[in-house]
Every structure is written in C-alpha cells, then in structure tokens.
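J.: Keeping their order, the protein sequence lines are chains A and B. First residue of the first sequence? That's 173 in our numbering, and the numbers climb one at a time after it. First residue of the second sequence? That's 1304 in our numbering, and the numbers climb one at a time after it.
Everything labelled a hint here was simulated from the structure, so no lab data went into it. Wrong hints could be hidden among the right ones.
As the list claims (entries may be wrong) - Some chain B residues judged to face chain A by a derived CB distance under 7 Å, without partners named:
no.: 1; residue: L1898
no.: 2; residue: L1905
no.: 3; residue: V1927
Here a beta-carbon is modelled for each residue, glycine too, at the ideal position from N, C-alpha and C.
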Amino acid sequence: MSPLTVVAAAGTGTSSFTTPSISYAAIAPILIVLAAACVGVLVEAAVPQAQRFYTQVGVTLLGLVAAFVDVIAIRGHSVVTAGRALAIDSTSLFLQGTILVLAALSVLLMAERSVEFGSSIVAQAAVVVGSPADRRLATSERVQTEVFPLALFAVGGMLIFPAANNLLLMFVALEVLSLPLYLMAGLSRRRRLLSQEAAIKYFLLGAFASAFFLYGIALIYGYANSVNLPDVLAAQSTSGSSDVLLYLGFGMLIVGLLFKAGIAPFHSWTPDVYQGSPTPVTAFMASCTKIAAFGAILRVLYVGFSTSSWNWRPIIWAVAIASIVVGAILGLTQTDLKRILAYSSIAHAGFILIGLLSIDQAGLSSVLFYLASYGLTTVAAFGMVTLVRDANGEATHLSQWSGLARRSPLFAVTFAFLLLAFAGIPLTSGFIGKFVVFRAAYHVAAPLVVIALIGSAVAAFFYLRIVVMMFFAEPAEDGPTVTIPSVFTMLAITVGTAATLVLGVFPQPLLDLADNAAKLRG
Amino acid sequence: MSPAHGIQSAAWLLVVLPALSAALLLLLGKRADKWGHLLGALVPVALFIYTVALFFSIKSESGEGRVRDLHLFSWIAVGGFKVDVGFLLDPLSLTFALLITGVGSLIHIYSIGYMAHDEGRRRFFGYLNLFIAAMLLLVLGDNFLSLYVGWEGVGLASYLLIAYYYNRDSAATAAKKAFIANRVGDVGLSIAIMLMFAYLGTTSFQGVFAGVGGLPHGVVTAIALMLLLGACGKSGQFPLQTWLPDAMEGPTPVSALIHAATMVTAGVYLIARSAPIFDLTGAGRTVVTIVGAITLLYGCVCAFGQDDLKKVLAYSTVSQIGYMFLAVGLGKGVYAIGILHLLGHGFFKAALFLSAGSVMHAMNDRIDMRRFGGLVRIMPITYGVFLCGYLAIIGFPLATGYFTKDKIIEAALDKGGTSGWVLGLAALLGAGLTAFYMTRALLMTFHGQRRWEDDVHPHEAPATMTVPMIVLGFLSLVGGFVLTFGGGLQNWLAPVVGKPEEAGVHTISTPVLTALTLVVVAGGAAGAWLVFGRNPVPVTQPAGSFVTVAARRNLYADAFNESVLMRPGQWLVRGLVFFDNKGVDGAVNTVAAGLGGGSGRLRRLQTGFVRSYALSMLAGTAAVLAVLLAVRFS
Chain A
173 MSPLTVVAAA
183 GTGTSSFTTP
193 SISYAAIAPI
203 LIVLAAACVG
213 VLVEAAVPQA
223 QRFYTQVGVT
233 LLGLVAAFVD
243 VIAIRGHSVV
253 TAGRALAIDS
263 TSLFLQGTIL
273 VLAALSVLLM
283 AERSVEFGSS
293 IVAQAAVVVG
303 SPADRRLATS
313 ERVQTEVFPL
323 ALFAVGGMLI
333 FPAANNLLLM
343 FVALEVLSLP
353 LYLMAGLSRR
363 RRLLSQEAAI
373 KYFLLGAFAS
383 AFFLYGIALI
393 YGYANSVNLP
403 DVLAAQSTSG
413 SSDVLLYLGF
423 GMLIVGLLFK
433 AGIAPFHSWT
443 PDVYQGSPTP
453 VTAFMASCTK
463 IAAFGAILRV
473 LYVGFSTSSW
483 NWRPIIWAVA
493 IASIVVGAIL
503 GLTQTDLKRI
513 LAYSSIAHAG
523 FILIGLLSID
533 QAGLSSVLFY
543 LASYGLTTVA
553 AFGMVTLVRD
563 ANGEATHLSQ
573 WSGLARRSPL
583 FAVTFAFLLL
593 AFAGIPLTSG
603 FIGKFVVFRA
613 AYHVAAPLVV
623 IALIGSAVAA
633 FFYLRIVVMM
643 FFAEPAEDGP
653 TVTIPSVFTM
663 LAITVGTAAT
673 LVLGVFPQPL
683 LDLADNAAKL
693 RG
Chain B
1304 MSPAHGIQSA
1314 AWLLVVLPAL
1324 SAALLLLLGK
1334 RADKWGHLLG
1344 ALVPVALFIY
1354 TVALFFSIKS
1364 ESGEGRVRDL
1374 HLFSWIAVGG
1384 FKVDVGFLLD
1394 PLSLTFALLI
1404 TGVGSLIHIY
1414 SIGYMAHDEG
1424 RRRFFGYLNL
1434 FIAAMLLLVL
1444 GDNFLSLYVG
1454 WEGVGLASYL
1464 LIAYYYNRDS
1474 AATAAKKAFI
1484 ANRVGDVGLS
1494 IAIMLMFAYL
1504 GTTSFQGVFA
1514 GVGGLPHGVV
1524 TAIALMLLLG
1534 ACGKSGQFPL
1544 QTWLPDAMEG
1554 PTPVSALIHA
1564 ATMVTAGVYL
1574 IARSAPIFDL
1584 TGAGRTVVTI
1594 VGAITLLYGC
1604 VCAFGQDDLK
1614 KVLAYSTVSQ
1624 IGYMFLAVGL
1634 GKGVYAIGIL
1644 HLLGHGFFKA
1654 ALFLSAGSVM
1664 HAMNDRIDMR
1674 RFGGLVRIMP
1684 ITYGVFLCGY
1694 LAIIGFPLAT
1704 GYFTKDKIIE
1714 AALDKGGTSG
1724 WVLGLAALLG
1734 AGLTAFYMTR
1744 ALLMTFHGQR
1754 RWEDDVHPHE
1764 APATMTVPMI
1774 VLGFLSLVGG
1784 FVLTFGGGLQ
1794 NWLAPVVGKP
1804 EEAGVHTIST
1814 PVLTALTLVV
1824 VAGGAAGAWL
1834 VFGRNPVPVT
1844 QPAGSFVTVA
1854 ARRNLYADAF
1864 NESVLMRPGQ
1874 WLVRGLVFFD
1884 NKGVDGAVNT
1894 VAAGLGGGSG
1904 RLRRLQTGFV
1914 RSYALSMLAG
1924 TAAVLAVLLA
1934 VRFS
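Work out the full structure, taking the sequences as your base and the hints as a guide.
T.: This is the structure:
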C-alpha cells in the first residue's frame, strides 16, 4: 500500500491581497445548497402558511438532489480553489455525496406528518415551555418550517467542512454547520423542556469546543505563519520556532473536531442532545455531522500533520480506546433507545478513528466506506424509532418495546436487522465496515484492533438486549403501537435498510468507489 | 478442459429445479398438500429426461471433449483464495446424475403410492427433492468445496428423512446417530479440503489433481486418509458403519433411494473422483481395500442374524459398498469396476428395498420376517421383483451381480501377492455369505408357512408402486449385462478414471474362478435352504448359537461404541458442563457483573449538568495536550 500522497499545490506567499480565482464548477454543489437555503428563507416570507410546509420540503429536497447530481457530474475533479482555501478532491466529493444522500434521507424523516399530528417539529419554537400557549401548540397544525432552510445551511457548512484546506475556512464551516444544529435541536414538538435543554447544552459546549478550535488555530498560526494546511505541513520541516506552539495548537484544534465527531472524552453532549432533539434531527446529526467531522479530522491529520504522525498517533489511540470503552460500557445500562443509539455512535466513532491510524490509502478508503454505510444504517434506525408511539409521543423507553415483535413482526425484524448491522454481524454493511477498518489498521495498531473487537463484543450485548426485548419478552398491557408512516419515512427507512443489506452482501462497488476516492489533495 | 456449450450450459437447472421445488413444498405448507407430491415427483422425472439428453450430448464428443466445465459464478474471492462455483460434466458425474435422477424418479413415483395415506406426504417430497438437489450438487460440482456443500446437504436431507416419523423415539435416535457418525466423517473430509488449500491454495478438482503430484508423500497420504474417513462416514464403512442399519427407521423409499442406491455410495464417488490422489499413495489405497474387505464380511455376518427384513437389506448394503470400496481401493483400472458394481447395486438394491416396502405396506407396516411367510401366492409381482433383485445380488449367472461382483473378486485376486489372496478370498467368502443371508430372507419372507396374525390382510401394491418396482427388477436382471457389453461402461469412464489395464495373467483363470464363485454361491444358498427352507421358521427368535447372537448384535459394534466412545464421552461432557457452569459461566458472569457495575459507576459522570460536561472536556483537553507534549519531548 503506497503511503498517502499529498500533492502540494503551487503556492505563492503573496503579501498584497489579490482576488483569488475561484473554480465555480468545483464549488457548485455547495453553492446550490446554500442558494436553496436562501430560497427557503424567502419561502418563509412569501408563501402562505398552508402551502409552506410542502413547498419547503420540495425546495430542500430539490436543492439536495441537484447538489448530489452535481457532485456526480464533477466526480474526478481535483482542484484547490478559492485562494487555496478549498480542496475539492475525490475524498471531499465522496464525503459531500454521502452527506447529501444522508441529508436528503433525514429531510424525508423531517417531512413526515402522518405519525405525529402536524409534524415532529414544533409549531412555534419561541413559546415559554409549560405556558397555556405552549400546551395549545401540541395540537397546532402549524410547523416551524424554518427547520428546512436551517438544515440546508447546516448541510452547506458540512459540505465545506471536509473540503476546507484552510483552518480559518474550516472554522467558518464549523460554525455554519453548528449554529443551525443548535437551533434544530430545540425544535421538538413533544418533551419541549428536554429539547430546549438539549439545545442549550449543545450550544454552550459547542461554543466551548469552538473556542478551543480557534485558539488552536491561533497557536498554529504563531508557529507556521499560515493557516493553510499544506503550509502548516511545510513549516514543520522548515520552521525554526518551538514545537510547543505547534503541538499545543494541534491538540486544541483536534479537541474541537473530536467534539463534533462525538468522541470520548468530548462526547458528553451526545446522549443528552440525541435524546432531546426531534428524532429526525437526531438522525441528521448522527449521520451527516459525524461524516463532516470525520472528513475534517482526516484532512487535518492527513494533509496538515501527515509527517508528524508519530506524535499524534498516541492521542488518536487514546481517544479511540476511550470512545470504544465509554460507548460500549455506558451503553450497557441505558434504558432509552435514543440514548443507546447515542452511546452506540460514540463507540462507532472510536472504530472509525482506528481506520485513520494507518496513514495509507487503504485506511482512508475503509473510513470512507464505514462512514457511508454507518450513516445509512443510522438514518434508518432513527427513522424506525419515530414510529413506535403511544399517547405521549415516541415511546423510547426500552421497557415499552417489549414484545413488539408480536404485534409488528415486520418492524421488529427490520429493526433487529439494523441492530445486527450496528453490532457488525456478517451479511450486514456493519460487518464489512468493521472488517475493512480493522484490516487496514491491523498492521499498525493490532492491540487497538483487539480492544475494538472486545468493545464490539460488549456493545453487541445492548443491541441484542433490544432484540431479546422485542422478540422474547411479554408485550406490555398498554404498550406503544407501531404507526404506519407516510411515503417519506417509508422511503428513508427502506433506502437505509436496503443499503445496509446490499452493502453487506455486495460491498464491492462501494468499496471500489471508496478506494478510488481515497486521494487527498492539499 | 473445454467449456460447456449448447444444452450442457443449462446443467445448473439440475440443482436449481429440485432446490426450488423443495423450497416451494416446504415453505407453502398445507397450501401445497393437494399437488405437492405431483410436483415433487415431476421434478426428478424432468431432470432425468434432461440428463439423458445431456448424456447424449457428451457422448457425441470424443476423448477429452467428454470432460466439460460449466463455470457458473465466482463464489468467494478473498486475497489469494478464490472459489469458483461450476459444474464438471464428465462421464463419471453424468453416470451418477443418471443414476440419481433415474432411480430417483422411479422411487419418487413409488412414493406417491407408498405415502398415500401419510399426512405429511408433501413434507416428505420436499425433503426428497432437497436430497436430489444436494446429491446432484455433490456429484456435479467441479471443486471440493461445492462437493462439500452437497455432501452436507445430503447429510441434512438424510437426517430429516430418517427422523421423518419424528414422534417415534427410535426414529429420532436413529437420525441423531446417523448425524453424529456422519459428522465424524465430515470432519475428515473438511480436514482433507483444508490440507489441499493449505498446500495447494486451491480446492478445484483440476488444480488439486494438477498439483498433488508435487506434494510430499506424507501429505498426499494424509489427504487420502482424511478423504477416506469422510467416505467411510457417508458410506457406512467400518468403523463408522453402525448408523446405516438404524437409518432404516425412515420410510422405505428413503431407505431405497438414500440409504441404498445413491447417498451412501457418495463415498465411492469421492474416492473414484479423487483417483489422481489415491493413485499416488499405495498406503492410502491399501487402507481403502482393508476397510472394504472388513466391511463386506462384517455386513454379511450381521445380515444373517437379523429378523427385520429392512435391516437385512441394510447390512447387505453395508457389505456391498464394502465390495465397491475394495474395488476402488485396488487402483488404476479397477475404479470403473467399482462404479459398475455401484450402478448395478443401485438397481438391485432399490428393487429389493421397494419390494420390501411393498411387503411392509401389505403387512400393516410390520417388518419382522418371522411374521411373514407364504407371501409368494398373495403378492406375485412383489415376489417377482424381489426374486430379480435376489438373483442379481447373489450373482446368478447373467444377472447383474454376475457381471459386477465377480469382476471385483477377480480384480482382487489379480492384485497378486499375499494381499491379493487375502482380499480375493474375503470377497469370495462374502459372495457365499451373501447368498446365504439373501436366501434366508427370501425363504422367510415369501415361502413356507403363513405366520402373520389374523388382523393382517396382505394385498398386492397399487400400480404407482408396482410399475417402478417392475422397472427396477428388470434393470437388476439385465443391467449388468447392458453396462458391461463390449466394455461399455469402462470405456465410457476412461477419460476420468483411466483405462483398465488388461491383466496379462490371472491369478486364477477366469473360467475356473467363475465356476468357483458359482460353487461358493450355490453352497451358501443351499446352506440357507437346509436351515430355513426345510424346517418351519419359529415365530419367536430362538436362542441361537454364539455366532448368531453376535450377528444379531451387529458383532457388538454398538456395544463397543457405547462403552468406548459414548460413556467416556458422556463423562467428558458432564465434566465440561460442570466446568462450564462453574468456571466459564462464573468468569463470564463476573465479567458481565464487572462491566455492568463499571457502567453504573461511569454513568454517574453523565450528570446532566453542562458545567460538569465542560469540566470533563477541559480535563480531556489537558490530558490530550499533556500526552502530545510528553510524546514530543520524551
């Protein structure tokens, strides 16, 4: 396996500001999404309330699909553009395509109106929780349709994030993707208090992490005299200043990114936010945000710090282990479905990090495959969680799911299948993903792979516990029922589940695609 | 090897059709009850017609063109390991396919009548079709791995069919016994395949046979012996023979098809197919002949102690497969004779079993020969068919056995040396014993006094049963002659197992040997007549001599297995269960409790307060920075 080649773009250290040349073709997907978001804002202002919901859904899906088609159209592009701030290479295009697909599926979940009266999104976000006006909201047909342009803005940030070749642009992308998410987390129709608490927590901790990130940039600039990743890399072999600045800067930078990816010990927001947010938004965060964050992490590690890998490897080792242990162990005693899935995502983030340790094409491509397959399974799983309901909305407590297979065998079988995919059982994409990641990392981090295997064995317990609950426990007297959703949710779940199965049985096409995509340009 | 073309490229249907039909019959459940048996019987008939067409298509080629490869798909391709699934269409596999679909069709048709009053007839046909699919995969696969898949498939079908009357304890136990004995053999086969892969990196017949010549002699012998172990398990050969007689708990058509005509001969197929391996190891071949000789005598001796007609036939099967093993163990040129006997045996043993089934059908499912007698008048057709099979198996002049079994005796003697004499005389003695126990069975069942009880009203079987029986009876009479006419089968099989070498000098000249064999056979038959024909048969089992008692208890093979293998095995299992409960479970529970406790404790960190979350992040950041600097400046 050839070591990853980072093609350094011809750079000129200009002192006077000149308008950078921009390859609009390469950034068109980003522009399409952001334009669609702006259109969404105009829709809010111009379209009458009655038609607003489906207009927004249409605009959003149209924007995402158009951007995806454009990503396909410009496949094979490899340019560094916009004043060397954006690297549109095959890796970022792969990630962008994946994010767009998963965002579209999440938007389908958000567009669901038949399982919950109105939608799972609140009618009016800015009403004091518990007030009489708030109680009326539950049965209101209105929906805070701003969630759709917010999602689009977030997607715009996510598209830039893994392509950012410049740390400042990366920071801007981070904020562009984060701010809408903070808002979206607070938009749940039911359990308003929990939802708002989640939003506040996410915002505070996110700001905290952003501060680290920004401080890290400042320190790195102090060392390298540049915020461009290739320049940072070059400075490491030429700069005469002290390494301390560089490594303090790198540490803080990576903390900010690890936070976004939900990796222990920077994971503490994950369970609370996943639980409190409207479930479609959780699906969005768990799939798209995670992919964008990993895209940024791998760009920083592979482009900016590829030569100093011996210095950062121990850190990645440590946080990967911490993530797997925390995810697997804490998942054991959780009783809420969404929290279980949150801890599961923490453990999975640890597995993905392992793939990054082998700094070669195989490692990169395995991570890309893992991200895509895991994202698809996750969207389907959260989509299914929205369907199990009782009078109080979603029934996410584990005990409420007991005996669900008696009443809804198809639902139970499908969900069990997705859980098996999370556990990494063969014939699911989860198995292939784990296999390629562990295989890529085995020659550099064999002990870590062993720990990860033990971790996945421990984590299998809480997945299987849900399966046992659904199939072998007596159904509760006044248990929840599985709602039959509209075509939107059905489509999202079907696509996610089918992908989990197909990628488990015929993974080769996507593996080949990821292999071809695993080329970074700095 | 040339690729398949024309009609040959549809050979995948041979496995897919019966598998589909089995899936339909088993999955549709009661909805298929009305027409399930018709579909189930139609499929093998259609396959037989196709196989005949295939036969003529291959036959029209010449020489090496008769070996055709049909590549289907790449099953596994991981690194250096590649398994292509494909069919090998050559004289050997087609011979088996013809036997399986031909005899299979007849027995399917017979079963329509035989199982008419059984509620689970559809299920029965589903299993039978499953068997046909697996068996055809076994003989048609072009590599050891797909052979293994078919091998396990027929094992499963056999298990399901032995335990067809699953509410009977004896059937369930017999099925379990068959399964376990087969597992022992299967382990051998799988080890052989692993050895091939480890040393040659391939499991395809072509690759293995091309590369096996370059292997160290010890490895070749190990592979051969492991293959033999697999063959012994499936074919009920010594020392894994005890399951086969018990397998008669299944419905009689199953005994005829699976436990006489086809599946149990898979071991012979395996050895004949692996001829290039066995050709390289004299030691391996010697072990095969020894196993064959021991088993053929063992089967004969046990057979004459049995009062259960199907058990007699079962031991007879064990013994006849012993003959086949003996033949294929003799090596170059004799493989074809083994296959020849296999085909002939397929005909006459199926005929014998089907007529035994017809007797059973008539006698309210009773199978004790001491309760039969005098059936010759009441069931003339059944008697006729049984008589044909009888003449064929004892080697009556011009009946099948005369052409097939006598050749094996001759080939064994021609091996030369002490071993040739020992094997040849064993085979000769076996012929006499066969005549003895078969005459006994014939006399006890059809001749003499009526000994059945008043509530039994024997009657001839319906046409769906008698027609296949008559066909098989006819084949048992003329099959041997037709197959050997002008060296037909041997020349046909030559591209796969090699040309027969014409022995220059026979140890005993052919006419003398033929006469000697006939004398021995006549002696056996006459002996049986003296003991059982002249005197009335007691309804209850007499005490019997030491030999008879030993034969009744199948020479204490079950007792040996029970005391040497089963009891210690049970003690071992009890010990392991104890260790599992205390040791393993203890450890697992401790770990689980530890993890759960750890989870509970760690959970307290997740307080829900942003301030403590922020603190944990800060601590994490500090740790990250400390580690980074420590690594940098260490």
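J.: If you test the structure against every hint from before, which numbers come out violated?
T.: As far as the earlier hints go, not one is violated by this structure.
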